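J.: Residue strings, one per chain:
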Amino acid sequence: MLRIENLSAFYGEAQVLRDVSLEVSAGEVVTLVGRNGAGKSTLLRCVMGLHPGQRGTVELDGRDITRLAAHKRARLGLGWVPDDRGSYATLTVTENLTLPPTVGPDPWSLERVYEAFPALYTRRDSAATMLSGGEQQMLALARVLRMGARLLLCDEPTEGLSPLLVQQVGDLLREAKRHGVTVLLVEQNLHFATGVADRHYLLAEGRVAEAMDNSEVRSRERELLAYLGI
Amino acid sequence: MSGFAQNTFNGLVSGAFYALLALGLAVIFGMLRVVNFAHGAFYMLGAFGAYVLLSEAGVPFWAALVIMPVGLGLLGMALERAVIHRLTKLDPLYNFLLTFGLTLILQDLVKLRYGVQSSPYETPSLLSGSVDFGLFDFPTYRVFILGFAVLLCVAVWWVLTRTRIGMVVRAATERPDLTRAFGIDVGRWVTPVFGFGIGLAGLAGVLAAPMRAVNPLMGADLIIVVFAVVVIGGLGSIFGSVAAGFGIGLVQAWGEAYLSNFPLVSQTIVFVVMAGVLLWRPAGLFGREEAPA
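The listed protein sequences correspond, in order, to chains S and Z.
Start counting the first sequence at 5; every next residue gets the next number (the working numbering).
Start counting the second sequence at 13; every next residue gets the next number (the working numbering).
Don't take every hint at face value.
What the hints assert, rightly or not - Okay, derived cross-link-like pairs now, SDA-like style, lysine to any residue, Cα gap no bigger than 25 angstroms in a straight line:
(1) Z:101 with S:56
(2) Z:101 with S:169
(3) S:76 with Z:180
(4) S:76 with Z:188
(5) S:76 with Z:201
(6) Z:101 with S:61
(7) S:76 with Z:66
(8) Z:101 with S:54
(9) Z:123 with Z:66
(10) Z:123 with S:178
(11) Z:101 with S:181
(12) Z:123 with Z:90
(13) S:76 with Z:97
(14) S:181 with S:169
(15) S:76 with Z:152
To be verified - Stretch by stretch, here's where chain Z covers chain S in the computed footprint (C-beta under 8 angstroms, at least three residues):
(16) 65–75
(17) 103–110
(18) 178–189
No wet-lab data here; the hints were simulated from the structure.
Only a predicted model underlies this, so the values are computations on that prediction, with no experimental measurement involved.
For glycine and all other residues, C-beta sits at the position ideal for the given N, C-alpha and C.
All chains, please: the whole structure from these sequences, using the hints.
T.: Structure, rendered in C-alpha cells:
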C-alpha cells in the first residue's frame with residue numbers, strides 16, 4: 005500500500021533521513037521504533053506531505069505521491085495523528101471531529117464515535133484543548149476514523165497516557181486493523197508495539213537499521229530497551 | 013454625566029472604525045501570516061472612492077457603501093494573486109517592504125490626481141440631524157456608524173462560529189499545516205479571505221467619508237493606532253481585535269477628555285496601554301503563543 009524509496013530529509017543543512025526505504029502492505033500495522041532524533045516523526049511528516057526538504061519517492065497504492073500537496077494526500081485516505089494530538093483550541097470537540105472531509109469507503113459516523121467515546125460526547129461543545137491529554141488522544145484517533153482514512157499515520161499515540169488508556173488505544177488500533185485499515189505507527193513502548201503491530205522497523209541516525217517481526221522484538225527486548233535508552 | 017456619556021459615545025464610534033480595520037487585519041494575518049501595512053491605504057481608497065463617485069458621477073452614499081467594499085475586495089483578491097501570495101515563503105521583511113510600498117504607491121496615485129487637501133463629503137440626508145436619547149442627543153450619522161459596525165462584527169462572528177466556512181477559516185488560522193493534513197485546501201480560502209479583509213477596510217473608509225476629512229493621508233494617520241489595537245487584542249485573534257478596537261476607542265476618548273491637562277499622557281495613552289499589555293501578556297490579551305504544525 006505504502007512504498008518509500010530512498011527517502012532523505014533535511015532540516016536546513018542537517019540531514020535527518022538517509023536513503024530510507026520501506027514498505028507497508030494493506031491491512032498491516034507497522035511500527036517505527038528508534039531513539040529520539042532518529043527521524044521517526046520526520047518520516048511520518050514526509051509521508052503526509054508536511055516536510056518541505058526531502059528527496060526520494062513516496063508511493064501510495066502504486067501511485068507516486070511525492071509531489072502531491074498534503075490536502076490531496078489526505079483525500080487519498082491518509083489519516084494524520086500528530087504527536088501533539090493536533091487539537092484545535094478554537095474548535096469544539098464536534099468541530100474537531102467533523103473538520104476533515106470523509107475520504108474512505110468506511111467512515112465512522114459521529115454517532116458511532118460518540119458511542120465509542122462517551123467522554124468526548126459529554127464534552128462535545130467544549131474547546132478541544134480543554135480535554136485531558138488522554139481524551140485529546142482519543143479525539144485525534146476518532147477524527148481519522150471518522151474520516152474513513154485507509155492508512156493511519158500515528159505519531160506516538162500512547163505517549164504520556166495511563167496504562168488503561170494505552171490499552172484503549174491498542175484496542176482501537178486492533179479494531180481498525182480488523183476493518184482493513186493500515187497503520188504506520190511511531191512508538192517507543194515496545195510492549196505496546198508488539199501487541200498491536202505485525203512488523204517493526206528500527207530507525208537509527210536516519211537509516212533503517214533493522215526490520216524485525218514480533219518474535220524477534222520480544223526475544224531481543226532487553227537489548228532493544230537498552231539501545232532505546234528507556 | 014452628559015459629558016461622560018458624550019465622551020463614551022464618541023469613543024465607541026472611533027472604536028467602531030478601529031474594530032472594523034483590526035478585524036480585517038486579524039483575519040488576513042490569521043490566514044496568510046501577512047501583516048498588511050497597506051490596510052490604511054485601502055481605508056483611504058474607500059473614502060476617496062465614495063467621494064469621487066459622488067462628486068464625479070453623482071453616485072449616492074448608499075450605493076458607494078456597496079460598490080467600494082466589493083470593488084476594493086476584488087482589487088485585494090487580484091493583488092493577493094499577483095504579489096501578496098509570494099510573501100509566504102519569504103523573510104517577513106519582504107512582507108513589510110511590499111505592503112508598505114503598496115501604501116506609498118496608492119497614496120501617491122491619489123495625491124497625483126487630487127492633491128493633498130481634504131475634500132468634504134456630505135452626510136446622506138437620511139442620516140443628518142441627531143437622535144434624542146432623553147438626557148442627551150447624538151448625531152444620527154454617528155449612531156448609524158456604531159450600530160452598523162456592531163451589526164457587522166456580530167455577523168462576522170456568526171459566520172466564523174456557526175458555519176462550515178467559519179470552522180475551516182478558524183482551523184486554517186490556528187494551524188495551517190495541520191489543517192492541510194486533514195484534507196482541506198487552505199490555499200483556496202486565502203484569496204477570498206484577503207479580499208474580505210480589504211473589503212472591510214474599504215467599507216470603514218466609506219463610513220468615515222462623511223465625518224472625517226477625506227484626503228490621501230487619512231489612512232496613514234489611523235493605521236498606527238489600529239496596529240496598536242491589533243497588538244493589544246492579540247495578532248490574529250478575531251475576537252481580540254474587535255474588543256480591543258472598541259476598548260482603545262474608549263481609552264482614547266476618555267484620555268482626551270479627562271487628561272487634557274496632560275497632553276503628553278493623552279496623546280500617548282494608547283501606546284502606554286499597548287506596552288503594558290505586552291509586558292503582562294506578550295501574545296496580546298486574546299492571543300495565543302504560536303503552536304507548531
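J.: Each hint needs a verdict: does it hold in this structure or not?
T.: Status of each hint after checking the structure:
| no. | hint | result |
| --- | --- | --- |
| 1 | Z:101 with S:56 | holds (11 angstroms) |
| 2 | Z:101 with S:169 | violated (40 angstroms) |
| 3 | S:76 with Z:180 | holds (16 angstroms) |
| 4 | S:76 with Z:188 | holds (15 angstroms) |
| 5 | S:76 with Z:201 | holds (15 angstroms) |
| 6 | Z:101 with S:61 | holds (24 angstroms) |
| 7 | S:76 with Z:66 | violated (48 angstroms) |
| 8 | Z:101 with S:54 | holds (15 angstroms) |
| 9 | Z:123 with Z:66 | holds (18 angstroms) |
| 10 | Z:123 with S:178 | violated (70 angstroms) |
| 11 | Z:101 with S:181 | violated (39 angstroms) |
| 12 | Z:123 with Z:90 | holds (23 angstroms) |
| 13 | S:76 with Z:97 | holds (20 angstroms) |
| 14 | S:181 with S:169 | holds (18 angstroms) |
| 15 | S:76 with Z:152 | violated (52 angstroms) |
| 16 | 65–75 | holds (count 3) |
| 17 | 103–110 | holds (count 4) |
| 18 | 178–189 | violated (count 0) |
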